[in-house]
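**Student:** Chains as they are written, first to last, in this note's numbering: chain V, 10 to 357; chain C, 10 to 357; chain D, 10 to 357; chain H, 10 to 357.
These aren't lab readings, by the way, just hints derived from the structure by calculation. Just so you know, not all the hints are guaranteed correct.
[Stated by the list, open to error] The list that follows gives simulated cross-link-like pairs (lysine to aspartate or glutamate, DMTMM-like), each with its CA atoms no further than 25 Å apart:
1) H/K258 <-> D/D165
2) H/K12 <-> V/D231
3) D/K322 <-> D/E146
4) C/K142 <-> D/D266
5) V/K322 <-> V/D231
6) V/K142 <-> H/D266
7) C/K142 <-> D/E272
8) H/K142 <-> D/E344
9) D/K258 <-> H/D282
10) D/K12 <-> C/D66
11) H/K142 <-> H/E50
12) H/K258 <-> D/E277
13) V/K11 <-> H/D29
14) C/K25 <-> D/E146
Since this is a predicted model, take the numbers as computed values, not measurements.
Number of protein chains: 4
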Amino acid sequence: MKKVRIGIIGAGRIGKIHADNLLRLPQVEIAAVSDLFAGPELESWAARRGITNITKDSNEIIDDPKIDAVFICSSTNTHAPLIKQAAVAGKHIFCEKPVSMDITHTMEAVTAAREAGVKLQIGFNRRFDHNFKRIREHVQSGTIGAPHIVKITSRDPNPPHEEYIQVSGGIFMDMMIHDFDLARYLSGSEVAEVYAQGNVLINPVFAKYGDLDTAIVTLRFDNGALGVIDNSRQAVYGYDQRVEVFGSKGNVAVTNDHPNTAEVSTAEGIMRDKPLNFFLERYTGAYLDETEQFIQCILHDQIVHVTGEDGMKAEQIALAAKLSHQLGRPVKISEVLELYNQSIVEKV
Amino acid sequence: MKKVRIGIIGAGRIGKIHADNLLRLPQVEIAAVSDLFAGPELESWAARRGITNITKDSNEIIDDPKIDAVFICSSTNTHAPLIKQAAVAGKHIFCEKPVSMDITHTMEAVTAAREAGVKLQIGFNRRFDHNFKRIREHVQSGTIGAPHIVKITSRDPNPPHEEYIQVSGGIFMDMMIHDFDLARYLSGSEVAEVYAQGNVLINPVFAKYGDLDTAIVTLRFDNGALGVIDNSRQAVYGYDQRVEVFGSKGNVAVTNDHPNTAEVSTAEGIMRDKPLNFFLERYTGAYLDETEQFIQCILHDQIVHVTGEDGMKAEQIALAAKLSHQLGRPVKISEVLELYNQSIVEKV
Amino acid sequence: MKKVRIGIIGAGRIGKIHADNLLRLPQVEIAAVSDLFAGPELESWAARRGITNITKDSNEIIDDPKIDAVFICSSTNTHAPLIKQAAVAGKHIFCEKPVSMDITHTMEAVTAAREAGVKLQIGFNRRFDHNFKRIREHVQSGTIGAPHIVKITSRDPNPPHEEYIQVSGGIFMDMMIHDFDLARYLSGSEVAEVYAQGNVLINPVFAKYGDLDTAIVTLRFDNGALGVIDNSRQAVYGYDQRVEVFGSKGNVAVTNDHPNTAEVSTAEGIMRDKPLNFFLERYTGAYLDETEQFIQCILHDQIVHVTGEDGMKAEQIALAAKLSHQLGRPVKISEVLELYNQSIVEKV
Amino acid sequence: MKKVRIGIIGAGRIGKIHADNLLRLPQVEIAAVSDLFAGPELESWAARRGITNITKDSNEIIDDPKIDAVFICSSTNTHAPLIKQAAVAGKHIFCEKPVSMDITHTMEAVTAAREAGVKLQIGFNRRFDHNFKRIREHVQSGTIGAPHIVKITSRDPNPPHEEYIQVSGGIFMDMMIHDFDLARYLSGSEVAEVYAQGNVLINPVFAKYGDLDTAIVTLRFDNGALGVIDNSRQAVYGYDQRVEVFGSKGNVAVTNDHPNTAEVSTAEGIMRDKPLNFFLERYTGAYLDETEQFIQCILHDQIVHVTGEDGMKAEQIALAAKLSHQLGRPVKISEVLELYNQSIVEKV
């Protein structure tokens, strides 16, 4: 059986995770890894995995005719140009979210991949999570009837560093974008309108960059259902990832995953350990599954589970949320592009 | 010890519950019960409880100099006039929520009680619930630090009858008003602004009367915290009453009460019984406690736990939500009165 | 409707609880209360409840022709003689457990009641508990198929005082007797054999009186099912009352009841409050229900829900457990009487 | 770094699992695999993993000087001879449980490994489970004080096939042996005495071979604590693996692991999915960790986490349970060898 030969562009934390997951798949070979800061540390890491082809130049990967697909794990500003370049070179593409901070660039990149006929999967790993998939199954099978209310809680254990805050794109584009994608995925409906509220309650450094650390966004879906997402940059008790979908015939809810089920009862009360600490522990299985599914789609020429269009739509919702917060009013998805082009929001 | 002599005005379902709870308190005597539809059924009910003084005329209660306090459990449109009348007569007053559908009438009634120096307690029974009190204790004692996000889910098991829908005042004034009061009570802060979204997803009869059956309201508090309340008129799995407050040092959440803790594991899955069915079962203890606390406040001349001002403020928030939904924009509590007087909403 | 006139013999803690529960039943009148130590405290307690007939002499109650039924809540050594006396006097009898410490006395008392044709209900209140009733319903309806394993955990929050330990009859007769009754009730089968293990791990005072503070008893039922009960006199985290029945088609388990559902998440972990503290809080509803059911059985001439025979059988199992522990071997229920009469165990 | 070269003896289900886990460890090389029934299926399986050395003869592995350690995963009757042979050959040994059905053979094998100075680890994988390790940590750190009661529930989802029942060694040696090891591990104390009760309630085929399908064993530990284990060969709701340790300062309990946290609420009730189905899903992490720990112990010359003596002691308890059931009385561990040599039980 011919192996799928992969090039990884960007070997930071998430690039390395994808690499390790790919190495567990028998049909895959990692042909090359590029990273702007490639050096002894990366070479040592690669050597332990039998990867010998390391470069600082992503062109070497994209120009290599023996490579079938690329994983774009470099910084966000490089995503859209790399997608376009890889599409022209006929590579299948797995790209981390978001495609870009500028919705027009994202549209161009998605279009380029479509026109080139290559597969483009966006790294919305939560679609592959065991809990959220189970919600989706119950919604799809009709267990809870027509969805009426979608509720998503997503709170990080610790805020990011200031350097990251500067370039993150803001809470809606960087953090809540996962929840916007999940809202579409779980409800089975497109988002029509959003209203965003937010505040800086954890650390003033967020205000310094025009960002928020606490936000609630309400959604109205095309099918009439309503939704609400709450995000916080700091839940001291750990990574808090809960979702529920309420419908005409019932409710399905998932709570957090914990490292164990131990319950300790003492004179002080009943205690259990905090949830799994952060996304690497919480979504271990989802990261593995998203790479495996992507490879399967290449091997069997199937439509990927998270398309470029999915990436673009989540970005539109994130942009609508940002606009809503700036304008202090609900914003329709249909008016996002016009508002954006009117420069009503500062472009990034 | 002198007993507190009570007159009950309105002996429907809720009036009877208050009566039975009062009968369990040794310091109380029910001196009289009035109901527009008093007849053999009510007389039989009263006889079994040793209550002999039954009348159709509430004036007989308010004019009776031997009566210390009244419970106003009649229809909403009578609340404000009865409060004013009872205040003038020097009676302490327990009044079911809401005081009225017209915020200006409510303000007059609350003012009348204050000026007469009588106690006025509003029937926001949920403040006395074991779960919500425990949340309040944790917020007050600082367990969770400064509140950042307040989340309230309140879903009824079955929608009301059409006759009730016609006169209910709408989902915000009839149903979500409990949650608005809870939001103030649990957060320890006033609400500054609301944004209301809603839809008719359960039964078109709600649309017929300009009402909603599904609604999500986001709140901004004076202290900067955010909140969200979701209501549905029909949760087929039973009465769904959950609350959480998230803060800088943690989160406190309460789930539903169940009739038992039995968990049944079969080849089909793991099952447990639905939550306690509706407010009479779910808030049994809270109804008892609110009457007991009211009597204690009379006996020891203390400030009641839910004042007329509390009632008024919850109505202002409900009105703001109604205005927000009609106007399609966030509404500040500070602009409610002006908007209302401009007849921007139809008055009830 | 004629009221059932009750005499209460023994007005300690449990006698007062029965009295207060009886006062909530409209068909009941408490005609008299007797207590060896009747005095001002009891008279004051009675006066607040409108009970005027207080005596030190239980004969005054048993000889009163206007009294229909007695509640025997005095010390255990008086139970059997009082049952016999009340039976002869034609009174219906509610008697606290155990009937006696001497199985032959218990048999005589139960026989006396049967021959007199009066109702005799034993105070195994846990049969009326919401959780255990739900288990019973699932077993009876076949949800879990044929029972294979019955598991009961019963642990007290604090050990009793030394004065109580001296006269309690030991852990099997005083504490685990409730679980023996529950085992019969939930399994729907008689116990055939027991094996008891125990130790003194909490306080040496138990050893001083030949008693245990920690015990595990395994049961073999007539229908082939197996059972196990564990008891401890001190669970520092509160009253621990859990039961499960495992069968050919599934498992049904009940956990503890808690004062609220609040779950607090902080940097330290996830916490909730301890279970309801002790039997008065935990079995509030069961105590009310057992008195109500007893009164209903009198009014409608029905068989009581916990008969004298039930009391006797639980005592036989307790005695078998005591013998098993002394002899260091399993003991059949069928050999209990013979072993007892052989004075193999010291009689109490 | 030199790699640890492993030979796997016996490539059935469990041998293959160990192989796959070993392949994930960078310091390991699988040098050879032997299996009596080696053929095309095994060769294909090995080829996909880059293992080229396949044989039917375990001697080829034991005699291979380049092999550092063996994994004995063949049928139970071969374990003891292979341990002795491998010990003489100077190989470190990982052996599946039990070492043998005959306690004298086990003792000889354990002695042989000790005298040869090779490491011998027994496959009690549950010691490496995230839940049970957490219990152990709480016991060791004193969170729950001195242990008083250890409770273990272990129920399989489906009974084994008749061919397996014939040779399994019976419920105590085949299934409950895991729980005996866990009881020692969690309590931190040796078992002094056992009493075993059992029955055939699921399928008469167990009786045909003198075996049981349902059993409860009570334990008395050297430190005075008590224990109880219940086993069933068929829990229709899935693999049921729960443990609790109760002590002077509290209780620590673990419940089952589930495939997801989804809770579905409908008009029928509240439902969740059954536990993880069987040991391969439930103990995935534990299987991986036990191989990793074994390799670490070889690399760093440390004492293994489950020694041959641990294996022997668990077998002694299992034998005591078997004797107890046959004799109908409690059996001390100290009398096991004598009873066994007296042929009071049929030897296997």
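**Student:** So, for every hint listed, does it hold in this structure?
**Tutor:** Hints, one by one, checked against the model:
no.: 1; hint: H/K258 <-> D/D165; verdict: holds, 13 Å
no.: 2; hint: H/K12 <-> V/D231; verdict: violated, 59 Å
no.: 3; hint: D/K322 <-> D/E146; verdict: holds, 22 Å
no.: 4; hint: C/K142 <-> D/D266; verdict: holds, 18 Å
no.: 5; hint: V/K322 <-> V/D231; verdict: holds, 14 Å
no.: 6; hint: V/K142 <-> H/D266; verdict: holds, 18 Å
no.: 7; hint: C/K142 <-> D/E272; verdict: holds, 13 Å
no.: 8; hint: H/K142 <-> D/E344; verdict: violated, 44 Å
no.: 9; hint: D/K258 <-> H/D282; verdict: holds, 16 Å
no.: 10; hint: D/K12 <-> C/D66; verdict: violated, 34 Å
no.: 11; hint: H/K142 <-> H/E50; verdict: violated, 37 Å
no.: 12; hint: H/K258 <-> D/E277; verdict: holds, 19 Å
no.: 13; hint: V/K11 <-> H/D29; verdict: holds, 22 Å
no.: 14; hint: C/K25 <-> D/E146; verdict: violated, 32 Å
The structure does not agree with the numbered hints 2, 8, 10, 11 and 14 stated previously, though it agrees with the rest.
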